[in-house]
Amino acid sequence: MQKSDEYVKRKFEEYYRDNVEKVRPPPEMEKREYGFLLFEGGVMVRHRAFKAATDLRTFIRATVPAHAYNSTAYYLEPEEEMDRKRWQGADLTFDVDADHIATPCKYVHDLWVCKNCNTQGKGPVPARCPKCQGERIDEEVWLCEACLERAKEEVIKLLDFLVEDFGFLRRDITVCFSGHRGYHVHLRASEAKNLDSDERKEIVDYVLGLGFAPELHPDLLDRGAGPERRVVGWPRRVTRGLYEILTETSEDVLASWNVNRRVAKTIARNREEFVSRWIGEGAWKLPRGIGPGTWRILIQKAVERESTKVDTVVTTDIHRLIRLPETLNGKTGFRAAEVSSIESFDPFGDAIAFRGEEIVHVREAPQFRVGDQTLGPYLDKVVTLPSAAAVLLISKGKASLRAG
Amino acid sequence: MLSKADQAKYPVAPDAVEYVRQRGLTIEELSDQSYMTILDRAEERLKEAIAKGVISSEWQNDDVEILSFPVAVYLATILRDDWVRRRFALAESRRASQFLLNEDINRVAEVATKTFGWKVDLAGVEVSEVAPILKLDFKNYIKNALKIREFRWKLTNRIVDHGFVEVSKDESARLLQEEIQSRILSRMKDIPTEQPSFLKGRIERLRRLVSERRATAAFPELPETVVPAAMPPCIRNLYDSMHSGKHIPHIGRFALTSFLVNAGASQEDVLLLFKTAADFDEKKTRYQVEHIAGARGGKTRYKPPKCATLRTHGLCITPDDLCRQISHPLSYYRARLRRGLPRGRRYAEK
Chain A
499 MQKSDEYVKR
509 KFEEYYRDNV
519 EKVRPPPEME
529 KREYGFLLFE
539 GGVMVRHRAF
549 KAATDLRTFI
559 RATVPAHAYN
569 STAYYLEPEE
579 EMDRKRWQGA
589 DLTFDVDADH
599 IATPCKYVHD
609 LWVCKNCNTQ
619 GKGPVPARCP
629 KCQGERIDEE
639 VWLCEACLER
649 AKEEVIKLLD
659 FLVEDFGFLR
669 RDITVCFSGH
679 RGYHVHLRAS
689 EAKNLDSDER
699 KEIVDYVLGL
709 GFAPELHPDL
719 LDRGAGPERR
729 VVGWPRRVTR
739 GLYEILTETS
749 EDVLASWNVN
759 RRVAKTIARN
769 REEFVSRWIG
779 EGAWKLPRGI
789 GPGTWRILIQ
799 KAVERESTKV
809 DTVVTTDIHR
819 LIRLPETLNG
829 KTGFRAAEVS
839 SIESFDPFGD
849 AIAFRGEEIV
859 HVREAPQFRV
869 GDQTLGPYLD
879 KVVTLPSAAA
889 VLLISKGKAS
899 LRAG
Chain B
133 MLSKADQAKY
143 PVAPDAVEYV
153 RQRGLTIEEL
163 SDQSYMTILD
173 RAEERLKEAI
183 AKGVISSEWQ
193 NDDVEILSFP
203 VAVYLATILR
213 DDWVRRRFAL
223 AESRRASQFL
233 LNEDINRVAE
243 VATKTFGWKV
253 DLAGVEVSEV
263 APILKLDFKN
273 YIKNALKIRE
283 FRWKLTNRIV
293 DHGFVEVSKD
303 ESARLLQEEI
313 QSRILSRMKD
323 IPTEQPSFLK
333 GRIERLRRLV
343 SERRATAAFP
353 ELPETVVPAA
363 MPPCIRNLYD
373 SMHSGKHIPH
383 IGRFALTSFL
393 VNAGASQEDV
403 LLLFKTAADF
413 DEKKTRYQVE
423 HIAGARGGKT
433 RYKPPKCATL
443 RTHGLCITPD
453 DLCRQISHPL
463 SYYRARLRRG
473 LPRGRRYAEK
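Going down the list, the sequences are from chains A and B.
Going by this note's numbering, the residue at position 184 of the first sequence is 682; the numbering climbs one at a time, nothing skipped.
Going by this note's numbering, the residue at position 48 of the second sequence is 180; the numbering climbs one at a time, nothing skipped.
No lab work stands behind these hints, which were simulated from the structure alone.
Glycine residues also receive a C-beta, built at the ideal position from the N, C-alpha and C atoms.
Some clues are possibly wrong.
[Unchecked claim] From chain A, some residues computed to sit far from chain B (all C-beta separations above 10 Å):
no. : residue
1   : R546
2   : A644
3   : T672
4   : R738
5   : G791
6   : S842
7   : F843
8   : E855
[Said to hold, decoys possible] Here are a few chain B residues that face chain A, going by a calculated C-beta distance under 8 Å:
no. : residue
9   : V152
10  : K271
11  : I280
12  : K286
13  : N289
14  : I291
15  : D293
16  : K378
17  : R385
18  : T441
19  : H445
20  : I449
21  : T450
Based on the provided sequences and hints, a complete structural model is requested.
Next up, the structure:
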């Protein structure tokens, strides 16, 4: 086991030796606090500051941290204790992570283990162990393409909120892969810098659609009115969501939302007519039989569909440390790559940091992809893997090094 | 530049402040007989605020009206009473808001931008067939709307477009009221140490009025040990989860610890509770509890997050009737203790 850890650290070392120039300090780097989690003993080094990019890079090359972070905040005294740092503002930061998105594939690749009786299961963690009723449960999560694809969709929705609703400029927004299960969105604009925690919370609630009350949006409740009445903000999103729900959702899914089976049937049967009326007359004019109760359910589902699932804590914490772009993530060995085009970014290709191959013993791993190679699934098998895949499995505790 | 009459309406406006500054009036000068009318009006402003919560909107002389405002601020400050300060700021801001309601929307936009430095989309004053709409910079909106605890003020329920929030004229007046209130409050932060002797009589009169009017039901002293039956549902849930060794996210631990510490639990009591946690680490937990209790670092004792924050982080569960009347878990706890516990629960505790 120790040998495996040494191998991972050695790969990190090689990477930083050749690529440390790629590490990208945030704007106004001298006002940031930096933190590093070291391989050795999981020690966290915090409250560090660097005046210039070369100092930071020299430090990273010398210490080879498993994780590197910088503060989203700007401080006059970044090396002081928290209450003496003299906060000067912070980037508006969002964390979009598969942890906060319900994806069906979690049943395939996420695992929980009861700490009491060692019973294991797949999918979301249950509140109690089904066997011993124990409530202390560990989880092991995997990063998969479907989850990251969903995270990407969330980022695209978030960017739309930030630009269309809040009026921020796209050029002030940077998106980075986290190197694990999601993306970080950094907004660096003078108007956002001084927002306090409560104000940031209000922005988070907005993108989450939290507290959306249909009765405060009469245009949406008035089913005789048209969807084109409101073309901006949340009403626009709800309108779009309703359109998609009404045209795409199957009868069974509608019924699972507590829509009366007969009503669900009516919706499914009248899709074509609904769409043509919408386009032709610009009015909802729903088929008879869809009552206000159903309509409210559909609005609520439209809000869920259009909201962006972000981590509420990251955005509201104005002293947060966040992963330093273009450093390696110790949970995976992937680069926290800056993403130039979110639509075409390929985390399993663009974020790969290592070259070469390695022979490893894999205990268990689902199928996954590295570059254009599809690998696995594996069960108790010795295989030669690309280094990136070997580091990933070792870091995830699913494999160990097989020397020679 | 605001006219004299407008400065009398909005004496917190920078123009009015500048006018007062140019007059160069000092506290000592106020003792002169010729300033008696100003002192009288200042005292009246405070009396009205304390007794009625609203300040009359009629006056004889612009100068007296403008100059009596900073004097009233001064009087409110030397009374050294937080309740008076808040009540005065509220009454003055309501007075200004009443004037704004009577202005037309373009004038309200002008006051907002020129006087209070708000950003309004200038192409944004729309006269629709229904009601005129003002487009207000979302940061100005959030800052002030956050202080109003009603669903319709939540940003999620607003039309937000390219950085601007749509508000009606009346809503603009309401938001400006909040802005004015916080500006007045921030002017009363520095409390002078001396009380000029010529103000003694006026201060005495005001003090007497305060003790007559102030809400008599002061908070009872909190009991020395925590009463779980009086906890709000959110905290009670965290408390029970902790007891049964369930995992609680960091923010939940923070909420629970800060609540307990503020409700009078000793640090040892809190540690004892945390010992049941699956991942208990005595050294780390002790450090965190001490930190929250203010025994370490900044020496400030942390308050638990307010309801809105708990909601955002998904910790607000099964709110009850009392929850709808409060905005902070500690207020719930105090109210529950004051009103008495629900029957059957008081003695049901372990």
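Hold the hint about D293 of chain B up to the distance rule: shortest CB distance to chain A must be less than 8 Å.
4 Å, holds
T441 of chain B was flagged as interface toward chain A. Is the shortest Cβ-Cβ separation under 8 Å?
6 Å, holds
Interface exclusion of A644 of chain A relative to chain B, criterion Cβ beyond 10 Å
Its Cβ never comes within 10 Å of chain B, the nearest being 24 Å, so this holds.
Can we keep the K378 of chain B interface hint, with Cβ of chain A closer than 8 Å?
5 Å, holds
Do the numbers back the hint for H445 of chain B, that is, is its least Cβ distance to chain A under 8 Å?
Since the shortest Cβ distance to chain A is 5 Å, the answer is holds.
Does the claim that S842 of chain A lies off the interface hold, with its Cβ farther than 10 Å from every Cβ of chain B?
Holds, because the least Cβ-Cβ distance between S842 of chain A and chain B comes to about 27 Å, which exceeds 10 Å.
Using Cβ atoms only, decide whether I280 of chain B comes closer than 8 Å to chain A, and label the hint accordingly.
12 Å, violated
Hold the hint about N289 of chain B up to the distance rule: shortest CB distance to chain A must be less than 8 Å.
Holds, because the Cβ-Cβ distance from N289 of chain B to chain A comes to roughly 4 Å (cut-off 8 Å).
Since R738 of chain A was said not to touch the interface, does its Cβ keep a gap of more than 10 Å from each Cβ of chain B?
15 Å, holds
Tell me if the interface restraint on T450 of chain B is satisfied: Cβ within less than 8 Å of some Cβ in chain A.
Violated, because the Cβ-Cβ distance from T450 of chain B to chain A comes to roughly 16 Å (cut-off 8 Å).
Assertion that T672 of chain A lies farther than 10 Å from chain B (Cβ)
Non-interface label on T672 of chain A holds, nearest chain B Cβ at 19 Å vs cutoff 10 Å.
Given K271 of chain B as an interface hint, is the shortest Cβ-Cβ distance to chain A below 8 Å?
6 Å, holds
This entry does not satisfy hints 9, 11, 17, 20, 21, going by the numbered hints stated previously.
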